[in-house]
Amino acid sequence: MKTASAGTLESMDCLVTVTEAAPGSGVVIELEGSSVSRFRSAMEKTVRSTLSDLGANDVTVNVNDHGSLDVVLEARVETAVKRLRGEK
Amino acid sequence: MNAVIENMLSRRSVRSYTDQPVEPVLLKTILDCGLYAPTGHNSQRTKIFVQQKPETIAALNVIVQRELLAHMLTENDVMASSIARAKTPNYHFMHHAGVLISVAGPRDYSNSMAECAAAVENMLLAAHSLGLGGCWINQPNWFHDVPDLRALFEPLGMRDDEVILASLCVGYTNLQTPPMPPRKDGRLICDMPL
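Sequences listed follow chains G and D, in order. Residue numbers 7 to 94, in the numbering used here, belong to the letters of the first sequence in order. Residue numbers -4 to 189, in the numbering used here, belong to the letters of the second sequence in order.
Derived by calculation from the structure, the hints in this document are not laboratory data. Worth double-checking, as some hints may not be accurate.
Straight-line Cα separation of at most 20 Å, DMTMM-like style, residue types lysine to aspartate or glutamate; simulated pairs [what the hints assert, rightly or not]:
{"#": "1", "chain 1": "G", "residue 1": "K88", "chain 2": "D", "residue 2": "D72"}
{"#": "2", "chain 1": "D", "residue 1": "K82", "chain 2": "D", "residue 2": "D72"}
{"#": "3", "chain 1": "D", "residue 1": "K82", "chain 2": "D", "residue 2": "D155"}
{"#": "4", "chain 1": "G", "residue 1": "K8", "chain 2": "G", "residue 2": "E26"}
{"#": "5", "chain 1": "D", "residue 1": "K42", "chain 2": "G", "residue 2": "E93"}
{"#": "6", "chain 1": "D", "residue 1": "K48", "chain 2": "G", "residue 2": "E26"}
{"#": "7", "chain 1": "G", "residue 1": "K88", "chain 2": "G", "residue 2": "D59"}
{"#": "8", "chain 1": "G", "residue 1": "K88", "chain 2": "G", "residue 2": "D76"}
{"#": "9", "chain 1": "D", "residue 1": "K82", "chain 2": "D", "residue 2": "E70"}
{"#": "10", "chain 1": "G", "residue 1": "K88", "chain 2": "G", "residue 2": "E26"}
{"#": "11", "chain 1": "G", "residue 1": "K51", "chain 2": "D", "residue 2": "E62"}
{"#": "12", "chain 1": "D", "residue 1": "K48", "chain 2": "G", "residue 2": "D59"}
{"#": "13", "chain 1": "D", "residue 1": "K42", "chain 2": "D", "residue 2": "D180"}
{"#": "14", "chain 1": "D", "residue 1": "K42", "chain 2": "D", "residue 2": "D103"}
{"#": "15", "chain 1": "D", "residue 1": "K23", "chain 2": "D", "residue 2": "E116"}
{"#": "16", "chain 1": "G", "residue 1": "K8", "chain 2": "G", "residue 2": "D76"}
{"#": "17", "chain 1": "G", "residue 1": "K88", "chain 2": "D", "residue 2": "D155"}
{"#": "18", "chain 1": "D", "residue 1": "K82", "chain 2": "D", "residue 2": "D103"}
Quick list of the computed label-pair ranges, beta carbon to beta carbon [said to hold, decoys possible]:
{"#": "19", "chain 1": "D", "residue 1": "D156", "chain 2": "G", "residue 2": "T25", "range": "23 to 33 Å"}
{"#": "20", "chain 1": "D", "residue 1": "Q47", "chain 2": "G", "residue 2": "G32", "range": "27 to 37 Å"}
{"#": "21", "chain 1": "D", "residue 1": "M187", "chain 2": "G", "residue 2": "E93", "range": "31 to 41 Å"}
{"#": "22", "chain 1": "G", "residue 1": "E16", "chain 2": "D", "residue 2": "D103", "range": "39 to 49 Å"}
{"#": "23", "chain 1": "G", "residue 1": "G73", "chain 2": "D", "residue 2": "R10", "range": "39 to 49 Å"}
{"#": "24", "chain 1": "G", "residue 1": "V34", "chain 2": "D", "residue 2": "V(-1)", "range": "35 to 45 Å"}
{"#": "25", "chain 1": "G", "residue 1": "G61", "chain 2": "D", "residue 2": "L183", "range": "53 to 63 Å"}
{"#": "26", "chain 1": "D", "residue 1": "P16", "chain 2": "G", "residue 2": "D64", "range": "48 to 58 Å"}
Where a beta carbon is used, it is the ideal one built from N, C-alpha and C, also for glycine.
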């Protein structure tokens, strides 16, 4: 399975790793890091919405977050998906 | 006077903008002027990134303000006035303009700064000639390796081996252009009388 990542483990950033999944398997989101306990649902919503905009329907996404802004999480997911597709 | 020279001699930095969006055709003209700036041996390795999404600009503002306020000032620090401004209410690193244009070049190429700066100056002049205001913006250069700032440029295609070295903001202004201040003495040195 192909994997791509974007981001860092530094403060105010997140490391997003995207792994392709078999067609029809859907989106699986794994969240970890210091912000997850408070912002899990908001983070999930951001990741799902970004994946949907990119048409990434069958992927596993792991997010290790250290306080990133919502827009930064969105950007990291977008970059990781584009790298997975070989666009970057 | 030659229109190009008149444009160069009358350009001022604009630090107050209206909400009026910049028309795409004008923005495209400005960007083309950036693309036609000189590069060493016509290598054309500089890249121009345009940020207009309000949520991205707002996030960049949060990041820039956070980094300025965390910066430890040293003597004659180039960031001193920016840090003072970052402490003011309603701070906005690009003066509430709606368009940020950042020019990036190869990280390990010694001419990158000059090439990015040439592109920005071309675009500042183009904006002025089209009736728009523009201002050089240094913060994306100062903080180009801050991870979450870089994160906002990576979806546009910025690579790890590229860095932002010069930026400008562009927009409409309501301000009347003030008269140009006189040039300081002693800055022009010629080997023969002109």
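Against the structure, the hints come out as follows:
| no. | hint | result |
| --- | --- | --- |
| 1 | G/K88 / D/D72 | violated (39 Å) |
| 2 | D/K82 / D/D72 | holds (16 Å) |
| 3 | D/K82 / D/D155 | violated (31 Å) |
| 4 | G/K8 / G/E26 | holds (6 Å) |
| 5 | D/K42 / G/E93 | holds (17 Å) |
| 6 | D/K48 / G/E26 | violated (29 Å) |
| 7 | G/K88 / G/D59 | holds (12 Å) |
| 8 | G/K88 / G/D76 | holds (18 Å) |
| 9 | D/K82 / D/E70 | holds (19 Å) |
| 10 | G/K88 / G/E26 | holds (12 Å) |
| 11 | G/K51 / D/E62 | violated (28 Å) |
| 12 | D/K48 / G/D59 | holds (16 Å) |
| 13 | D/K42 / D/D180 | violated (36 Å) |
| 14 | D/K42 / D/D103 | holds (15 Å) |
| 15 | D/K23 / D/E116 | holds (16 Å) |
| 16 | G/K8 / G/D76 | violated (26 Å) |
| 17 | G/K88 / D/D155 | holds (15 Å) |
| 18 | D/K82 / D/D103 | violated (34 Å) |
| 19 | D/D156 / G/T25: 23 to 33 Å | holds (25 Å) |
| 20 | D/Q47 / G/G32: 27 to 37 Å | holds (33 Å) |
| 21 | D/M187 / G/E93: 31 to 41 Å | violated (56 Å) |
| 22 | G/E16 / D/D103: 39 to 49 Å | violated (22 Å) |
| 23 | G/G73 / D/R10: 39 to 49 Å | violated (31 Å) |
| 24 | G/V34 / D/V(-1): 35 to 45 Å | violated (58 Å) |
| 25 | G/G61 / D/L183: 53 to 63 Å | holds (58 Å) |
| 26 | D/P16 / G/D64: 48 to 58 Å | violated (38 Å) |
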